[in-house]
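**Student:** One letter stands for each residue in the lines below.
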Amino acid sequence: MFYETVIISFIVGILSLFAIGVQKNNLHALILTDLLECSLLCIIAAVGTDLAEALILPGLVVSMAEILAIAEVLVVREKVRGKKLNDFKINFDLEILRTSPLFISIILVIYGAILSGFTGGAVIASGLLYYFFCKRVLGENIINRVKWVGICGFSGIAWSLWIVGFLGFYLFPKYWLVFLLFAGLGLVIKVCSKLGLLGMAE
Amino acid sequence: MDIEKKVGIVCLIIGMLSFILMFITNGLISYLFYILFVPNILYGVGIFIVPKTRRKKLGKIPFRGY
Amino acid sequence: MIDGGIFGIVPFGDIIFKYSMFSTIGFVIAITFTILVYLTKPEKQLEAQKFGEDKLIDIPLHELKNRRYMAIVCGIATAGAMLTQDIFDFALFLTLVGIANIGIVSAVKREHVLNASFQYGLTSIIATLPLFGASALILAKTGTLSILELHHLNKNLLFEKILYGLGMAGETGVAPYYAAKAEMFRAPGSPYILMIHLSSLLLIVRTVEILLTI
Amino acid sequence: MDFNEFFYLINLTVYAFLIGSLLLGLHRKIMAKIQLRPGPPIIQYLLHTLKFYFKEITFPITAGNPLYIFMPILQIIVWLSALILAVKLESSLLIIIGLYVLQKIVEHGCGLSSGSPYGKLGGVRSVFSAAAEIPLFAVVSTVYIVTNSLIISDIVSYQQIHGPLILKLPISAFAFFILLVSKAPNSPFGIVKGKDIVSGYLTEHFGLLAGLIYIGDAIAYFVLLWLFIAIFLGISNIFLALPFMILITFIISIINGLTPLLAPHHSVMLQITIAIVVLLDLLHRVIFL
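Protein chains in written order, with our numbering: chain A, 1 to 202; chain B, 1 to 66; chain C, 1 to 214; chain D, 1 to 289.
To be clear, the hints were calculated from the coordinates, so they are not data collected in a lab.
Please note that the accuracy of each hint is not assured.
From the structure, some residues in chain A lie toward chain C, with a derived Cβ separation under 8 angstroms [to be verified]:
id, residue
1, Phe2
2, Ala52
3, Ile70
4, Glu72
5, Ser116
Backbone N, C-alpha and C define an ideal beta-carbon position, used for all residues, glycine too.
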């Protein structure tokens with residue numbers, strides 16, 4: 001399966017290159033580069049070893065950072081050009097937006113807390129994100145209620161907890177279980193708060 | 001004293017230091033100090049022996065000058 | 001023999017730093033320039049106008065601080081790329097330098113510069129495909145990513161090397177891709193712009209060394 | 001380092017500077033003779049350097065210090081280290097290519113830090129002409145594939161057994177020779193210092209700083225000529241290499257005297273064409289040999 005995956009990924013990459021070349025709109029070109037990133041991740045994943053799994057994460061982070069940076073450049077350029085960016089005004093008035101978010105987010109948060117670690121953080125964060133997005137679509141302002149900076153600091157402290165757990169692993173191998181719990185707790189709080197911040201970003 | 005003279009003094013100090021360190025150290029590091037020694041001394045000595053400028057507006061050079 | 005003799009190897013777990021003559025010189029150059037960039041105030045740029053006198057451009061402080069920070073990140077990433085002994089790490093450093101390059105230029109509020117940096121950013125995203133793809137293929141073929149190991153293996157890696165070189169060319173913006181990058185250099189603020197050029201040149205030389213070694 | 005070694009290094013530096021500047025003077029003389037002018041004396045370059053070194057100066061207020069002052073110093077640092085690494089230690093070729101690449105930083109930095117529009121144009125053109133480096137890397141790779149080493153002393157000793165490399169690698173030697181041509185003054189590839197942008201990156205560097213840059217240029221010319229002779233002809237002794245240096249200077253000045261300055265994109269396209277030819281040569285050697 002390795003060769004098939006790699007060949008198909010390359011074909012997808014080349015096709016998306018063609019698409020980018022044809023594309024005149026800058027925003028569409030930027031979105032199409034994301035397709036390229038996906039084929040890149042497929043190539044790494046095709047190797048299928050532990051090392052490859054470890055390599056996917058930095059590759060993903062780097063590509064996301066690059067796309068974010070370029071999107072920022074695009075926004076600044078449009079501002080410099082003097083164009084007014086039109087707001088996203090569609091009336092979403094669905095009943096499910098009022099009833100579901102609390103229930104689903106609580107379930108996801110509890111499930112994430114049981115999982116713990118990186119995955120648990122991601123699950124909790126998806127619950128929080130769902131809650132925040134639903135509230136924002138309905139027009140409620142969450143940023144005033146929750147302090148952005150406070151959550152940032154909280155996330156930083158949790159990160160240092162993770163580091164302590166990590167160091168303790170090397171320094172006191174006897175008490176590995178304690179430090180494992182330390183690291184798991186730190187990681188779950190860090191990831192969920194960091195990702196949850198996305199929901200409050202302007 | 002303008003910034004060029006200040007840089008000249010710094011260059012002289014770096015040049016002297018590397019001249020001393022050049023003889024203390026051995027191998028590649030002494031070559032490194034030699035490489036630092038020559039241009040710094042050249043600039044440091046040069047900036048103090050060039051004649052004082054007679055231009056009225058200092059810094060505003062004639063060519064396309066601001 | 002490529003790099004003129006090894007002085008020593010510092011292993012941090014799986015991250016290995018090698019101090020050969022080549023890498024030490026590159027490291028020293030990158031660090032020196034980073035310090036210099038920190039010290040230097042940017043020049044005041046004279047822009048030739050179509051009509052009338054030349055215009056003297058001042059750069060506000062907040063824009064300057066951002067750019068200096070990005071330039072320092074760029075310098076440190078370059079210095080790290082000089083020393084690392086892992087193909088994947090090197091690719092990560094390359095992309096980090098690419099992001100830092102965009103960051104240095106994107107604080108300039110001028111349309112042509114932003115346009116150029118957008119085009120360069122697209123190129124650098126596209127170039128990550130051959131870069132990371134090549135390192136993944138090398139991993140699949142040989143089972144290792146360490147340059148020191150790959151040096152002894154003697155496998156035929158021609159296709160991967162070509163892909164890796166292509167990725168490097170896109171990421172640093174050399175010959176076929178430089179059109180957007182040269183436009184970026186017209187932004188005011190000399191020391192920071194210089195850092196873009198320095199990092200790309202040093203990384204090209206280092207890539208050639210890696211491609212000859214493995 | 002003891003005093004003997006110190007005096008050896010000083011002698012080597014002065015020798016490189018004198019020979020380089022005399023060869024550049026000779027270059028100018030031959031070009032003048034080709035264009036049916038009497039031309040300046042051969043020691044003119046040396047006199048220029050001394051004149052600039054003792055001239056009054058004032059620094060432009062647009063300049064970004066200390067980068068503005070550091071660049072000429074860096075020029076000498078780069079070429080002195082190239083001189084020591086190449087001639088004295090006969091170390092790795094790749095390091096010297098890396099130092100050659102730093103020359104571009106000097107050109108770019110000189111142009112940018114002065115704040116002059118002409119200097120900036122010169123700097124941007126130096127970025128454009130970075131295409132000249134690709135054949136260089138291809139040359140390095142080709143030499144490595146043939147000799148299995150990049151240490152200059154190994155390359156020289158390889159040639160003592162197998163004969164000069166210029167017969168085995170004519171295309172690479174040609175590409176390296178084009179590099180020498182582009183480094184010489186008044187060359188068709190000299191878009192960085194073209195007279196259409198006054199004097200390119202050197203526009204705002206005058207007086208003492210120009211003197212320092214001239215010293216660096218003279219050493220650079222010597223080192224590059226020595227490198228060509230050592231890699232492709234196999235002669236590493238600096239005294240035995242002297243007649244070949246004069247011969248190569250003669251050829252370069254004939255080429256420079258007879259050709260006009262190319263437009264920037266023509267120059268870059270020509271260099272990329274050469275790069276493609278050398279890369280094809282490299283690919284051929286990798287696959288079939």
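**Student:** Work down the list of hints and note, for each, if the structure agrees.
**Tutor:** Status of each hint after checking the structure:
Against a cut-off of 8 angstroms between C-beta atoms, the interface hint on Phe2 (chain A) holds, since the closest Cβ of chain C lies about 7 angstroms away. Evaluation of the Ala52 (chain A) hint against chain C yields a held restraint, the C-beta minimum of about 7 angstroms falling below 8 angstroms. Taking 8 angstroms as the C-beta cut-off, the interface hint given for Ile70 (chain A) holds, the closest approach to chain C being about 4 angstroms. Below 8 angstroms, beta-carbon pairs count as interface contacts, and Glu72 (chain A) has one with chain C at about 7 angstroms; its hint therefore holds.
Nearest Cβ of chain C to the Cβ of Ser116 (chain A): about 25 angstroms, over the 8 angstroms cut. The hint is violated.
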